Each structure stands twice: as C-alpha cells, then as structure tokens.
Amino acid sequence: QISPRCNSEKHYEHFGRCCTKCDPGKYMSAKCTATSESICLPCGPDEYLHTWNEEDKCLLHKVCDRGKGLKVVHPGNQTFPRQCACIPGYHWSEDFEICQRNGKCDPGFEAENPSDLWLWINDRCSILRRNKESSGDNFINTHMSTNSASQAYEDTLLLTKEEKILSEDSCYPQGHTCGEADP
Amino acid sequence: QISPRCNSEKHYEHFGRCCTKCDPGKYMSAKCTATSESICLPCGPDEYLHTWNEEDKCLLHKVCDRGKGLKVVHPGNQTFPRQCACIPGYHWSEDFEICQRNGKCDPGFEAENPSDLWLWINDRCSILRRNKESSGDNFINTHMSTNSASQAYEDTLLLTKEEKILSEDSCYPQGHTCGEADP
Amino acid sequence: LTINGTNIPTGSKKVNLSSWYHDRGWANISNMTFSNGKLRVNQDGFYYLYANICFRHHETSGGLDTEFLQLMVYVTKTNMKIQNSDTLMKGGSTKYWSKNSEFHFYSINVGGFFKLRAGEEISIQVSNPSLLDPAQDATYFGAFKVRDID
Amino acid sequence: LTINGTNIPTGSKKVNLSSWYHDRGWANISNMTFSNGKLRVNQDGFYYLYANICFRHHETSGGLDTEFLQLMVYVTKTNMKIQNSDTLMKGGSTKYWSKNSEFHFYSINVGGFFKLRAGEEISIQVSNPSLLDPAQDATYFGAFKVRDID
Amino acid sequence: LTINGTNIPTGSKKVNLSSWYHDRGWANISNMTFSNGKLRVNQDGFYYLYANICFRHHETSGGLDTEFLQLMVYVTKTNMKIQNSDTLMKGGSTKYWSKNSEFHFYSINVGGFFKLRAGEEISIQVSNPSLLDPAQDATYFGAFKVRDID
Chain A
629 QISPRCNSEK HYEHFGRCCT KCDPGKYMSA KCTATSESIC LPCGPDEYLH
679 TWNEEDKCLL HKVCDRGKGL KVVHPGNQTF PRQCACIPGY HWSEDFEICQ
729 RNGKCDPGFE AENPSDLWLW INDRCSILRR NKESSGDNFI NTHMSTNSAS
779 QAYEDTLLLT KEEKILSEDS CYPQGHTCGE ADP
Chain B
629 QISPRCNSEK HYEHFGRCCT KCDPGKYMSA KCTATSESIC LPCGPDEYLH
679 TWNEEDKCLL HKVCDRGKGL KVVHPGNQTF PRQCACIPGY HWSEDFEICQ
729 RNGKCDPGFE AENPSDLWLW INDRCSILRR NKESSGDNFI NTHMSTNSAS
779 QAYEDTLLLT KEEKILSEDS CYPQGHTCGE ADP
Chain C
101 LTINGTNIPT GSKKVNLSSW YHDRGWANIS NMTFSNGKLR VNQDGFYYLY
151 ANICFRHHET SGGLDTEFLQ LMVYVTKTNM KIQNSDTLMK GGSTKYWSKN
201 SEFHFYSINV GGFFKLRAGE EISIQVSNPS LLDPAQDATY FGAFKVRDID
Chain D
101 LTINGTNIPT GSKKVNLSSW YHDRGWANIS NMTFSNGKLR VNQDGFYYLY
151 ANICFRHHET SGGLDTEFLQ LMVYVTKTNM KIQNSDTLMK GGSTKYWSKN
201 SEFHFYSINV GGFFKLRAGE EISIQVSNPS LLDPAQDATY FGAFKVRDID
Chain E
101 LTINGTNIPT GSKKVNLSSW YHDRGWANIS NMTFSNGKLR VNQDGFYYLY
151 ANICFRHHET SGGLDTEFLQ LMVYVTKTNM KIQNSDTLMK GGSTKYWSKN
201 SEFHFYSINV GGFFKLRAGE EISIQVSNPS LLDPAQDATY FGAFKVRDID
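Here the protein sequences line up with chains A, B, C, D and E, keeping their order.
Per this note's numbering, residue 629 is the first one in the first sequence, and the count goes up by one each step.
Per this note's numbering, residue 629 is the first one in the second sequence, and the count goes up by one each step.
Per this note's numbering, residue 101 is the first one in the third sequence, and the count goes up by one each step.
Per this note's numbering, residue 101 is the first one in the fourth sequence, and the count goes up by one each step.
Per this note's numbering, residue 101 is the first one in the fifth sequence, and the count goes up by one each step.
Isolated chain A (complex conformation) (with noise of 0.2 Å):
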C-alpha cells in the first residue's frame, strides 16, 4: 500500500501518517498522532512564519534600529518579515550591517531619493560601473521600474529579492560601495 507522496510542501509524514503542516503564520505546538492532527497555534506578537512549517517556534521579526540609521518600511505581520530601509542620505552595507552614508552625486547629477531605495545591488552595481567606465559617462540617474508584484509603502518601491529589477539609469556615484538589498 504506496503512502500518498507526502513530503510535498503542505504535508509531513508522521508515524507512516501523512498529515498536514501548519499554514504560514503558525506554528505546530503538537505533531499529528495516529488519532489527531497536527495543531497549529498562531505567531505571537512580533514574530512571523512565511511558509507552511513544522516549526516549533516562529521567527522574531528583525529590529529597525534607528540607532543604525534605519526606519521601517514594512512592519511586517505573522506571515511577511519585517522590511527596513535607511534614513535619507544613507544606504545599506550588507558588509557592516549598517546604513553607510551616500556618497556625494556631482553638480547637475541627483540621485532620485536613493536613500529610500534600500535596493543598491552590489552586483548590479559593478556590472554598471564596468559598463559606465566603457561609455566614459561617470553618473547614470537612477528611476526604479515599477511591476505589479511590488508593494508601494509611502514612497519607497519595495520588491523581494526574486524581482530585483533595476533600470539602465542608476546614480552610483564614483567609488561609491553598493550594499545587497533587504538590511
């Protein structure tokens, strides 16, 4: 007798059973046993689970600490983790954790509000200051593109990870350090 495929990203086996995992913004306070399912409790107060789990225990949501120069952009709920940015004028560095202050933009060039944008990506960045030194232009201006998976809170643009998108006219400055996304 072949148990139904199981381990698909709902279901978890336990004892030869196939039962069910607990649903994004909960987490399992009891396995399921031969007689009962599992039982999933909600996420407390400052904590989040984002898939199906078998999490004992959910995630605690990271702190925006503007004692690092970061404000929130998404205070997040049981099911999406908390999303922060930097204070204007300041950028993330994934290297340090901390939001580095923008390097200057030359007269007559203006990084549109790249502070808010908490999406400098490191790679990108290098690929376009390549690109830049070969077309011999120092600044290309930044304009994000938007797309329907985004989420727009205040005036920031906020994508996962998945849709960094990021146009031809970013400003990065000279020997400016990019940070990765999402501090």
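Hints are computed from structural coordinates only; laboratory data are not their basis.
Bear in mind the structure is a predicted one, so any value in this text is a computation, not a measurement.
There may be inaccurate statements among the hints.
[To be verified] List of simulated lysine to any residue pairs, SDA-like, C-alpha gap at most 25 Å:
#1 K114(E) x E202(D)
#2 K195(E) x N730(B)
#3 K113(C) x Q225(C)
Based on the hints, put chains B, C, D and E in the right spot on chain A.
Relative to the frame of chain A, chains B, C, D and E by itself:
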C-alpha cells in the same frame, strides 16, 4: 614476576604487557592488546610527531604567517616541526608573537644580517644592556658563532633552544626590545 | 535570553537591564525562571554563564556626549538569603569614538563556570545603555547547567 | 573546527568562510557533519556554539585600503525546511588601524546556547577576510551538544 | 580559577601566570588538579576551556612605558609525554592608550572545546602582566568536562 622496566622512551605498559610506542612521524591508531602489537599510522600532510609516542593524533605544523612578517626557513616534515623566521628588517617578539621592526643601528655600526637571526634572546639582551650601560658603549655588533649541532638553511643559522649561543658582540641599539628564539 | 529592543533604558550611567525576551526568537529557558528582570536558579548545580553585549552609535542619532567612553558589562549574582549581590564576571573596554566617524560598533563577550544555588538570581548591568544594539543576535545572555553539585 | 590557513578569501567584503579543518590539530568533530563549508546538525538538541576570530595586519603586507575598519563575525543558522537563514550571534568592533603602526591585532569571541534541529546548518561570515590570522589557535569555531530537547 | 591579585608578575613581557586561587570566592575545581601554576587534567575527555583577562591602567600608577600596547592572552597545553607545549587559544588586541586619559580598560575572552588527555596541563600566559586587573570577576580561567572520549 617483575615486569621488565617498561615505561622507557620507546615502550609503554598496557594490559600488563610491555608494548612498543610508535616511532616519530607516526601516531598510534590502536594500542596493543593481549595478542597484537600497537598499530601506528603515518602523520598526514602538514602534521608531525617528533618523538616516540602513544598519541592518537599528530601535531599540526604551525603556519609561517606571511601576514605577520614571517617566512618558512624549514618546511618541517613528519618528524620535525616547521620553522619560521622574520623577513629581513624584523626580528621575532615572543611576547606578542609578531615580527618587530629592528631598531636602527647608529652610523658606523651595522648588525650582521640581524634580521635573519631569529636568535634575539631576551635574557642575554638585558644582561648585555646592563654591561653596556656600565661600559658606556651604546652598541655592540652581533656575530653568531656556529657549532656542529646547528643546521644551516639558506643564510640563516638555526639553533635549537638548548644550544642558544650568543657571543659578546651583539648589536643592541638603545631601547630596542629583543625577542625570544623560535617564532 | 535576548534583549527586548523596545524597552532599553537611556543614558550612559550603569543600569540594570531587566527587559529580556525569554521565549521569543533564539531565546529559550528551561529549569530556570525569568522574573522581574532576573534569571533565577531553580536547581543547585554548576552552570556555565555567558553574555554577549553589542554597543553601536550612528551619526544620525546625534552627537555623543563624549568621545571617551567606557563600555562595560557586569554579570551579577544576588543571594537573597544573605542579602548579598556580587559581580561574577565583567568585561568591556575604554573607547575613543571620534565624532567624525559615521558609525561605531563594539561587542563584549564574557563567560564562566560557576556553582549556583537554588534561589540565587543572575542579572546584567551595562554602562551606556542607550548605545545598546537591540538585535537578538547582538545582545543576549544565558546559562546552562553542566552538572550537579556532588 | 580550525581555519584552513591556505584557503582564505581575499578582500574586505563580508564573505562566507567555508574552508575549515575538522580533523587536524585541535579541530575535532563528532555527531555533527562538516560539508560544503557548513557544520550540519545531526541530532536535535541544545548546543553551545562559539567562535574565535583573529584579525591582524603587518606593515610588510603593504598598506591597508583604509584606516577605518569594521572587523566583524556573524554566526548564521540556515534552516533548509523553511528556506530561512538568520544570524544567531554577531561580534566585532569598528577600528582605527593607523598606517604608521607596524602591526595591528584584534580578536573577537562570541558564544551562545541555542536549540538546533537535525538538518540545520551553522556557518561563519566575517568582514575583511584578508586580515584573518590563519593560525589554528587564532581562528576557529565549534559546537557541542549540552542536552536533548525534552 | 581566579587570579591571585597579591602575586602578579610585573613588566610588559609575556609571562606565565601561575598564581591562581582554586578554592576562594568564585573559584572552584573538581576532577582536575591545580599544581605549580598549571591546571592538570585527571580524566581523558572533551573539555570546554575558557579564560577572561582584564587589563587596566590608572593615571595614578604613573605613566605607561609606551602608548602602543599589545594586550594578549595565550592558553597553552603542555603534553609531558611528548615534551610538547602548544597554544590552544589566543586573543587580544593592539591598543593605543593615550597618556592624557585618566583610565584605560580592556577585557579579552577566549573559549573553545578541546580533547584533553589525563596528564596534560593547561596554563595561561599574558603580555603586560603589570596591567592585569586583580579582581576575581575580571581575570579568571577554567575548564569543565563536557563528555568522555568515545
């Protein structure tokens, strides 16, 4: 029945038997039993054991960390530990385990490649300084004497700790700190 | 236990840190009780105590009162029976945090093996609490029992 | 596990340190698996995790890119089941390493007690990898199980 | 074991610290022997070793020889059988302690999990012993057995 004197340099007592230790360059992967001898296996790359032993693991050669100003003077092998020395212009400070810049010799005095001599010996140095102060002579020039036990590698004289020999004429510039032997 | 980032005292004076999570994120606790800011021992035993404290300052938080700081952590044991409180472990450093730098960061770690009796309480004091990094991976402390007292 | 001194990444960016010895010199491992640069947990339990990282610079290695450094270590847990990676512990310091000094040295130590599940993986990230001290007594990390999860 | 504050060597050279309390204050010892300044292992096993060392200087102690210091701790294992002594753990920092500051303080913590054999001995060396903080909560070291060698 008095068991033969066993715990000598090459034997050890186990289960009332007198068994043979592993010779240098090998470690003991299994002790002897009532019916079998000790099992010895050779040290791996970058490892050594310099004596007859019952060790279950070889020692790891130290790193001659170029990032501390060191270079390899003897790569070491399965029976002899690696030896490092400071690159020219520096001498080993045992206190801080780094290569310290040699002090400058006064004009007219030249240390004979002191930088290659990793044999700056703390105690001798202070004795000399006292004599030096009393004799009112600021610097004495170093000249290492060689003896049979020393192995010459490139242009560096290498003496084991026991055979530290330092003749009277060492160049100890004023206020210069000496390092212990063998970085 | 991990620091409760929403309830950190201000100022630079030495203060008792009493606001910790004991069940959220990485924090966990068993066979010990956390109440009014202290970790109480329930069973006699030899425990390994540890604390990791991070201090940070970003220029956007305004100037520092002084560039010469002493960033310290004290792990204290209180024995109610003899009304006595003593420091078990301390760590830290004097620091020069120049005003021209954008960002400063410094972490301290202390750890040690101690004989503790049921009823005794462990608490944490730090200097300069307003500089504390509120993240759970930065500022936390804990204890685990290694063995009984023979 | 102790750092494999012959295979240290260069640069100052934050990198994952994946090249460790697990069976040579002081390094030892049991009931855990070391593969593709990560320490995998085989048995659920409460573990004490620790890491000691030393940074050093000698003038003979040429000038530093900058005198203002931030020397950091991050101990990260990856939970493949929920595709999540989080920092368990971090430590370090901003440093001013003046160009006139012959030699600079700084060590960080972090440690903590964590509930780990079979399948979860522990890894180490540092900033400024090219400044890492490659000696086995300087840069190492490890974990030992203290007890089961009741 | 906690430092015996009345018997601290002077000078700035690297010295072996052999004068420790093993039964006073927080110090405790069992299944290990403390003799001629070293902690001897009596039972084979996996041990967690740790040391916390604090350095301090107050202007009333007179000027420092130099403002550029390297404050270090080395935890060493001696194996008499093969006449070998090696450093298990090291930690510390180069420091600039300016003459104008009233007070300087710096603490180091190191810790690690090691396989130790009966008869092996653990000892502590530090640089700048005269700067050691003699308090029992400042300068101490120890070890506890976690489990047998299987």
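Violating hint indices (sorted, rising)
Of the numbered hints given earlier, the structure breaks none, since each of them holds.
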